[in-house]
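Taken in sequence, the protein lines are chains A and B. Under this note's numbering, the first residue of the first sequence carries the number 1, and numbering increases by one thereafter. Under this note's numbering, the first residue of the second sequence carries the number 1001, and numbering increases by one thereafter.
Because the hints were derived from the structure by calculation, they are not lab data. Quantities reported herein were computed from a predicted structural model and do not represent experimental measurements. A virtual CB, placed ideally from N, CA and C, is assigned to each residue, including glycine. A hint or two may mislead.
Unchecked claim - List of simulated lysine-lysine pairs, DSS-like, C-alpha gap at most 27 angstroms:
no.	chain 1	residue 1	chain 2	residue 2
1	B	Lys1242	A	Lys15
2	B	Lys1346	A	Lys37
3	A	Lys57	B	Lys1038
Said to hold, decoys possible - One-sided and incomplete, this derived list gives chain B residues near chain A with beta-carbon spacing under 7 angstroms:
no.	residue
4	Asp1160
5	Gly1161
6	Leu1162
7	Gly1195
8	Leu1238
9	Lys1241
10	Gly1243
11	Thr1247
12	Ile1248
13	Glu1249
14	Leu1253
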Amino acid sequence: MATALANLDKGEAIKLDDGTQLTLNKAVELGHKFALKKILKDEKVIKYGEIIGLARKDIMPGDKVNENNIRSQDLGGKS
Amino acid sequence: MAKIQEFMGYPRPDGTAGIRNKIAVISSVECSAVIAKKIAEKVDNAVAITHTGGCGQLGMDFQVTINTLVNLALNPNVFGTLVVGLGCENMTSEMIRKRIEKSSKPVQSFDMQDVKGGTPGAIEKGVAIVKKMAEDAAKIKKEPFDFSKLVLGIKCGGSDGLSGVTSNPAVGIVSDRVVSSGGTSIMPEFTEWVGGEHLLAKRAATPEAGQRILDGINMFISEMLNKGLDFRVTQPTLGNKKGGLSTIEEKSLGTIAKTGKAPIQGLFLYSEKVPGKGMWLLFEPGHDIEAMTGLAAAGAQAILFTTGRGSPCGNILAPVIKICANPETSDFMAENLDVDASTIVKGTQTVEDIGELIWHKLVAVTNGEKTKAELLGHNEMAIWRGPELTLGYFEKFAKRE
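Construct all of the structure, not just a fragment, from the sequences and the given hints.
Listed below in structure tokens is the structure:
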């Protein structure tokens, strides 16, 4: 999971530290998140090295990540 | 070893040190709140401490309100207190005064129904008392104190997806420095520990303290669920989501970054004084104004407050230092913000640099520099009445006086 430090446009190419590149599938606003690798439905979503929730559906690299595609583990999916 | 940071403060008879020199005008009941406000308006450095209770309050709700009022009067930033009652409430002005008297701080009280002249008469009487107290307060000479006398509140409000990776860890650096100076740091907002409570419990100084952190959250969740309410659905808030926070866990992990790395001494209840030195957690559900009132009652002389989305709020007694790492908000609400941490996002400064900047601002504010919230007149206060909903937890742990 990465946090956008600026407003990023759809289609923007992001270079990762390991040299690989990904393309944003949607605009990602300042402070919002996008996926660095594929996360399958119900898999754990990690930020800060800790679990911040579970995927509601399959998430692809470059997808914007928010309450529409991840859910709280603590709430059993209510939020 | 480096010399411990000092500040010039006001010595108090109970051994504490104020960074401000205020006179508190407390209303014992809502019916005398307007009178308390009008008295405080007429004297420099006087502040009105008012609330919506005092009349017919019962049990733990009564205890929490009166403990908060008494402990606000005992905040080191207060020189002396006038308590104004109506005269028919069950939380009497005399009751509050007698508890404050034990600290040897100046305190007086009267009830409006005992004063001839109605509202104008009560205001005139109150202003005369408070003016005299303010004259006595002005005679107090500042003395040097080291940061072991500092009690710091750490709070975030209007958080966004940046707060947890920028301004909150920078506050964590400052909190750790206060703790390693022998001082105290307090974080409220337990609703924002959910999902990260295991990390807080792991850092507890004793297994008992760790267990109490977990019990506190679990009891609150289950007692609310028994009433058909789930507070967790309130988190993250709509504003948090707009700022990029998606789950309660994500918000919590960002929130607890403010506590740095220091061992956590334990959890204490809203309305109580902080039980000791070091890093402490305050059982309060993250309502900004009520949280900061609880921090002031716990004894905090100053509060660090990070915001991503923007917040104007201050506190009635403790100067509130506003820190913002969101470049858009830093520009849009610059009038309300004390430390611009957006340079982290822009890549020109590190979290450590901003920690240093916050530290210097804190030192300046403890030495009298006014914060933006103080200059703008943001002196918000409200007492959390939630213990009514969570009787079991408070009944189990509350100290009674």
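How the hints compare with the structure:
Using a Cα cut-off of 27 angstroms, the hinted pair B:Lys1242 and A:Lys15 holds, with the two alpha carbons roughly 26 angstroms apart. Distance restraint check for B:Lys1346 and A:Lys37: the Cα-Cα separation of roughly 25 angstroms lies within the 27 angstroms cut-off, and the hinted pair is therefore satisfied. Distance check on the hinted pair: A:Lys57 and B:Lys1038 sit about 58 angstroms apart at the alpha-carbon level, beyond 27 angstroms; violated. Here the hint on B:Asp1160 is kept, as its CB sits about 4 angstroms from the closest CB of chain A, short of 7 angstroms.
About 4 angstroms separates the beta-carbon of B:Gly1161 from the nearest beta-carbon of chain A, less than 7 angstroms, and the hint is met. With 7 angstroms as the threshold, the beta carbon of B:Leu1162 comes within range of chain A, its nearest partner Cβ sitting at about 4 angstroms, so the hint holds. A least Cβ separation of about 5 angstroms between B:Gly1195 and chain A falls short of the 7 angstroms threshold, and the interface hint therefore holds. Taking 7 angstroms as the C-beta contact cut-off toward chain A, the hint placing B:Leu1238 at the interface is violated, the least distance being around 10 angstroms.
Restraint check, B:Lys1241 versus chain A: the minimum CB separation of about 6 angstroms is within 7 angstroms; hint holds. The restraint placing B:Gly1243 at the interface with chain A holds, with a minimum CB-CB distance near 5 angstroms, inside the 7 angstroms limit. Proximity of B:Thr1247 to chain A holds as hinted, the smallest CB-CB distance being about 4 angstroms (cut-off 7 angstroms). Satisfaction of the interface hint for B:Ile1248 is found here, the shortest Cβ-Cβ separation to chain A being roughly 5 angstroms, below the 7 angstroms cut-off.
Here the hint on B:Glu1249 is kept, as its CB sits about 5 angstroms from the closest CB of chain A, short of 7 angstroms. Among the interface hints, the one on B:Leu1253 holds; its C-beta lies about 5 angstroms from the nearest C-beta in chain A, closer than the 7 angstroms criterion.
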